[in-house]
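Sequence lines, in order, name chains A, B and C.
When you line the first sequence up against my numbering, it's residues 1 to 371, in that order.
When you line the second sequence up against my numbering, it's residues 1 to 308, in that order.
When you line the third sequence up against my numbering, it's residues 1 to 266, in that order.
Wrong hints could be hidden among the right ones.
To be verified - Below, in silico cross-link-like pairs of lysine-lysine (DSS-like), each with a Cα-Cα straight-line distance of 30 Å or less: (1) K285/A to K51/A; (2) K321/A to K334/A; (3) K59/A to K370/A; (4) K105/A to K294/A; (5) K71/B to K252/A; (6) K71/B to K353/A; (7) K276/A to K71/B; (8) K46/A to K50/C; (9) K166/B to K163/A; (10) K285/A to K311/A; (11) K354/A to K71/B; (12) K105/A to K127/A; (13) K370/A to K166/B; (14) K337/A to K110/A; (15) K294/A to K334/A; (16) K117/A to K337/A; (17) K321/A to K256/A; (18) K59/A to K361/A; (19) K210/A to K163/A; (20) K252/A to K50/C; (21) K321/A to K210/A; (22) K148/A to K276/A; (23) K59/A to K218/B; (24) K127/A to K256/A; (25) K294/A to K311/A; (26) K211/A to K256/A; (27) K166/B to K361/A; (28) K321/A to K117/A; (29) K278/A to K117/A; (30) K146/A to K166/B; (31) K71/B to K96/A; (32) K59/A to K50/C; (33) K145/A to K71/B; (34) K71/B to K127/A; (35) K105/A to K51/A; (36) K203/A to K71/B; (37) K59/A to K203/A; (38) K278/A to K166/B.
In short, the hints are calculated from the structure, not lab data.
Here's the letter readout for the chains.
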Amino acid sequence: MTKRTWALVAVLSVGLAFPASGVSKQHGGTLNMIAWEGYTQPQWVKPFQTKTGCTIHAKYAGSSDEMVTLMRSGGGSKYDMVSASGDASLRLIYGKDVQTVDPSKIPDYKNFGGAFKNPGNNTVGGKHYGISLQWGPNTLLYNTKKVKPAPTSWSSIYDSKYKGKVTVPDNPIQIADAALYLMRTQPSLGINDPYELNSSQFKAVISLLKKQKPLIKKYWALASDEIDLFKNGDAVIGASWPYQTNTLIGAKAPVKDVIPREGATGWLDTWMVSAKTKNLDCAMKWLSWISTPKVQAQQAIYFGETPVNSKACAIMDQLSKGSCAQYHANAPLKYFKQIHFWKTPIADCGNGKKDCMDYTKWQQAWTQLKG
Amino acid sequence: MAAGLDPAQGLSSSDRLGARRRLGGALWRRPWLRGLTLLSPSVLAFLLVYIAALVALFVSAFWGVDVFTSKLIHTWSLDNFRTLWNESAYRHVALRTIAIAAAVTTTDAIIAFPFAYFMARLATPRLRAILFVLVLLPLWASYIARIYSWKLILNSNGLLSWSLHKLGLPAPSLAYTNTATWIVFSYVWLPFMILPIYAALERIPHSYIEASRDLGAKGSRTLRSVILPLALPGVVAGSIFTFSLTLGDYITPTLIGGASGQFIGNVVADSALRGGNLPFAAAFAAVPVLVMGAYLVIARRLGAFEAL
Amino acid sequence: MSERRGTRIALGVWVALVLAFLYIPIAVICLYAFNSSTIQSWPIAGLTTKWFSPTIHNGDMQQALWLSLKAAGLATVIALVLGSAASFGVHRFRFFGREAISFLLVLPIALPGIITGMALNSYFTYWNFNFGLWTVVIAHSTFCVVVVYNNVIARLRRVPGSLTEASMDLGADGFQTFRYVTFPSISTALISGGLLAFALSFDEVIVTTFTVGARNTLPTWIFSEIQRGQELPQVNVVVFLIVLLTIIPVALAQRLTRESGILRTE
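Sequences are here, hints too, so could you generate the full structure?
Structure (structure tokens):
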């Protein structure tokens, strides 16, 4: 045969040989997880993998919408666990995408603060669909060198002083933040709950957001986007999470965050287990691990959020002095109650009326707003 | 040497009516059977998998979805299309995308034409082969990486700002703008424009140019009246690539683009990957398909398909 | 060459500028592979090869690379078989719907990748396929087939049909003719088509995102790492190695198609 034919045979046999050599099997199972950035750091994942033999693969998402869609993609069998916030968890429960978990199998469950044992966003009809994880506020992040004086109100991201240098999350739930601002600054609108907006309240909120659009440099989809924006000086002020603040300060960027006087929205996260997981054993091991005081403290300090395990406070102060108070791990219930945690808006306004905007309308309005 | 049949090649004069020869003969006498065996695997595979999937996708554009459970609601309606038509935001997105696609196509055509002309008419055969490889090579260097490298270049502390500062010029803040998106698209699709124009120019016989000169035309007249019309199919063929690739892309706007507006690719990808609303994504995805369909019909008239 | 000297010089400068435009971004990212700082700014802080070792030992990257190679290899094999069979069928027979087949095969490349991706994703979900290697292979085959098909059919149009007939007149049956006459004349078209299909599959990201499930091919790994921004030096190293390793197949494909490609080298 000619040289050319040999070359062709070589190409074909290379093509056919590959599938014959498979990837080696792992012991102990693999957990494919959907997580917020910063939730599966090697600091606490590596010891888990060594201890249990379970391997963790994390897919990072930037919004609850993304998490819900990922969880449901491929018929629901692609991912084993998800760290769902309150505006995703009920959708997953009602969509039958997650399974019930017996909290008595989690040793540290008894140390959880009272509000986190059976919160409405993961306990339905007395059944637990996952274990509460951590919670925290959505903050106002700003560049200390370029933003003077230090902002105290959300109005700084709605007025044109920093035009072209503002950034907010690319997430329909951001409408609630604008609603919260109007709730305090325009009480005549009668907004009681930033997630329950009737048609006229919704219109007012959307028109505020439309006025904000020319000020925005980029709507960030992943936390890393916002970190890049601040690092490069493309944004100097924006809505953020404590994770970005910690990462930027770690990279010596001159930033600070604050919870403005109008208050803040926030999130309360739950680790949920897929209804179709093939690795329930590893999943339960992860739930136990992530609830232990040490890991709760590590994650709280890394991300800048508040642990649900009441025993974590002491360890936080050991790891980083003053962090327990800084991240409100020992804060009274009053602090917890003033954060407006993410939840999925539904048509039922809760006071007998059913004319609130449901989440579909929020999504459509957000897409149309971005234009 | 007997009768010229080489046994080493399996040919012999003995009448070997083995199974192979019988099968070969049967196939030779029935051309339709040969054709069927050759074509049916690929055609069937395509019809049963790809076409079926496409049809299902565009059928779902007429359905709805329950946002709470992401389950498809199989009631037929034109709601998705009505939303697309009524809400001005989607019109703006579509027009913006088409405008950028047109800008990218024009830019690439302008950059590519002199390059292709040099390659086709002025380069030695050896130089032509080298230039050909040099134009193809970037296509192999990871599409994502080439987009990402522009992020590094256009950053406020990137290569472009630094070079402009060194030259004493003011550095425009290009990151996260539509201008940046335009630059990156033009960059990524450029080889797709160069190659068809080159192919078209290379096909022009030199005798045409000579004849034009003999008839008294100067260089620019020859260019205008002889070369450009003959190269037009190549330009149109290249433009099919640049236009269609820009219309459907969402990676570049995600990595490079800013808040100044979304593109069709973003909205479709967001709707499918984050909003869980596949019917709406499918409905909006019909827009680039229709635009490209119209474009292809026009391109066919201009003879682009001979130049591919 | 009857153009004026001034025009020739101007065009030469244009060519040089365009080549610079094409290669500066690639050069930049290859240079950043040696950047000693993790902050991606210009000018580069210092040169180092310290990122190479952690990149090569990165388990996620290795698995992604492995999946990419397997998927591209399998998709190429399928494309070679189906594409050449289809091109023979279309070239040799006249029948109703002949042009429709060319149109059918070119659709996956003509339509935006996101449409192919969404369509196949829904299809695989509906039929409860497991997302992984084989869903990616099927997805990639759809657009790899047309690449091989175009190459082979272009070559078949150049090969005179009289060769086949002569072979048969001399007593060879259909299979022998294919093995000794037809196949050698299209082998370089198959190789260059195969290489191009491999490259397309290896680099594809949009359709792959929708069909790969929870795993990663190399391009999707690169995409997610770029978005996360935590291991950028490793991304730069991977890209540098990809560029280095693809020069060889491209030059090879070029050599093989010199005589019959669109480059006339007489």
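Right, here's what the structure says about each hint:
Simply put, K285/A and K51/A have alpha-carbon atoms about 10 Å apart, close enough for the 30 Å limit, and the pair holds. Taking the CA atoms of K321/A and K334/A, the gap is about 24 Å. The hint holds against a cut of 30 Å. Distance hint between K59/A and K370/A is fulfilled; the C-alpha atoms sit about 26 Å from each other, no more than 30 Å. Proximity of K105/A to K294/A is assessed by CA-CA distance (about 19 Å); at most 30 Å being required, the pair is judged to hold.
Between K71/B and K252/A the CA atoms are separated by roughly 46 Å; this puts the pair beyond 30 Å, and the hint is violated. Proposed proximity of K71/B and K353/A is supported: the alpha carbons are some 26 Å apart, at most 30 Å. Proximity of K276/A to K71/B is assessed by CA-CA distance (about 17 Å); at most 30 Å being required, the pair is judged to hold. Among the hinted pairs, K46/A with K50/C is consistent with the structure: their alpha-carbon atoms are about 23 Å apart, no more than 30 Å.
Between K166/B and K163/A the CA atoms are separated by roughly 28 Å; this keeps the pair inside 30 Å, and the hint holds. Proposed proximity of K285/A and K311/A is supported: the alpha carbons are some 19 Å apart, at most 30 Å. Restraint check for K354/A and K71/B: satisfied, since their Cα atoms lie roughly 23 Å apart, inside the 30 Å limit. Proximity of K105/A to K127/A is assessed by CA-CA distance (about 14 Å); at most 30 Å being required, the pair is judged to hold.
With a C-alpha separation of about 37 Å, the suggested pairing of K370/A with K166/B is violated against the 30 Å cut-off. A distance of roughly 21 Å separates the Cα atoms of K337/A and K110/A; the hinted pair therefore holds under the 30 Å criterion. Restraint check for K294/A and K334/A: satisfied, since their Cα atoms lie roughly 25 Å apart, inside the 30 Å limit. Only pairs whose Cα atoms come within 30 Å are accepted, and K117/A paired with K337/A is accepted, the gap being roughly 15 Å.
A C-alpha spacing of about 19 Å is found between K321/A and K256/A, which places the hinted pair at or below 30 Å, so the restraint holds. With a CA separation close to 28 Å, the supplied pair K59/A and K361/A stays within the 30 Å bound. A distance of roughly 14 Å separates the Cα atoms of K210/A and K163/A; the hinted pair therefore holds under the 30 Å criterion. For the given pair, K252/A sits about 23 Å from K50/C by alpha-carbon distance, which is consistent with the 30 Å threshold.
In summary, the hint linking K321/A to K210/A is not supported, as the alpha carbons are separated by about 43 Å, beyond the 30 Å threshold. Of the pairs offered as hints, the one joining K148/A and K276/A is violated, with about 52 Å between alpha carbons and a cut-off of 30 Å exceeded. At roughly 63 Å between alpha-carbon atoms, K59/A and K218/B are farther apart than 30 Å, so this suggested pair is violated. For the hint linking K127/A to K256/A, the alpha-carbon distance of about 40 Å lies beyond 30 Å, and the restraint is violated.
Between K294/A and K311/A the CA atoms are separated by roughly 9 Å; this keeps the pair inside 30 Å, and the hint holds. Simply put, K211/A and K256/A have alpha-carbon atoms about 25 Å apart, close enough for the 30 Å limit, and the pair holds. Between the alpha carbons of K166/B and K361/A the distance comes to roughly 50 Å, so the proposed pair goes past 30 Å and is violated. The straight-line distance between the Cα atoms of K321/A and K117/A is roughly 27 Å, inside the 30 Å bound, and the hint therefore holds.
Taking the CA atoms of K278/A and K117/A, the gap is near 26 Å; set against the 30 Å cutoff, the hint holds. Under the criterion of a C-alpha separation no larger than 30 Å, the hint pairing K146/A with K166/B is consistent with the structure, at around 25 Å. A C-alpha spacing of about 11 Å is found between K71/B and K96/A, which places the hinted pair at or below 30 Å, so the restraint holds. A threshold of 30 Å between alpha carbons decides the hint, and for K59/A with K50/C the separation of about 27 Å falls inside it, so the pair holds.
Taking the CA atoms of K145/A and K71/B, the gap is near 49 Å; set against the 30 Å cutoff, the hint is violated. This hinted pair checks out: K71/B and K127/A have alpha carbons roughly 23 Å apart, not beyond 30 Å. For the hint linking K105/A to K51/A, the alpha-carbon distance of about 18 Å falls within 30 Å, and the restraint holds. A hinted pair counts as satisfied when its Cα atoms are at most 30 Å apart, and K203/A with K71/B qualifies at roughly 28 Å.
The straight-line distance between the Cα atoms of K59/A and K203/A is roughly 35 Å, outside the 30 Å bound, and the hint therefore fails. Taking the CA atoms of K278/A and K166/B, the gap is near 59 Å; set against the 30 Å cutoff, the hint is violated.
When the structure is compared with the earlier hints, violations turn up for hints 5, 13, 21, 22, 23, 24, 27, 33, 37 and 38 and for no others.
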